[in-house]
Amino acid sequence: DPVERGAIRRYLEPLEFDCALHTDPEVARAAGFEDVTMPYTGVIAWTIPAAWRPGETLFDSADRDAQPVHTAINNADMPIGPKTTGFFGTDIEVDFHREVVAGERIGRRGRRLVACTPKETGVGRGAFMTWESEIVSDRGDVAGLIRIGTYAYVPHQKGEQS
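In terms of the UniProt record's numbering, the sequence shown is residues 1 to 162.
To be clear, the hints were calculated from the coordinates, so they are not data collected in a lab. Incorrect hints may appear among the rest.
Derived BS3-like pairs: lysine-lysine, alpha-carbon spacing no greater than 27 Å straight-line [as the list claims (entries may be wrong)]:
id, residue 1, residue 2
1, K158, K83
2, K119, K158
3, K119, K83
Given the sequences, and given the hints that come with them, work out the whole structure.
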């Protein structure tokens, strides 16, 4: 989705995050930007792929711990490693090369595995993985890098301990 002024405002409202660089075009221009800037913390909101589209099923089970059919962190199209059925995010690290301003369309390019540590935990057997992607702009440049940590695993069966 494009980074729009209204979307930036709606993103800031529940956080009560007041910074004129994100809300006042004149202040942003006086600081050398073309328009208001996207808060750095908004990078996930503006670059994560859609979790659901009309006509698709997001959850195919009503179980208490059901996992979504498709997510940005554990997809069936994962090209490496064994198939897992459980997953969660563990950490996020972002390095920005520049500010993103209203009017740009940003996304992620690539999904490079930069770390993989197999481990059995209390929830199951799997691996902690770190994936790196570029944050790219429709202007043709790389605005930053994002590294997302995940734990993908096969859950223990009931009564099974690690």
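Could you tell me which of the numbered hints above are not met by this structure, giving the numbers in increasing order?
none
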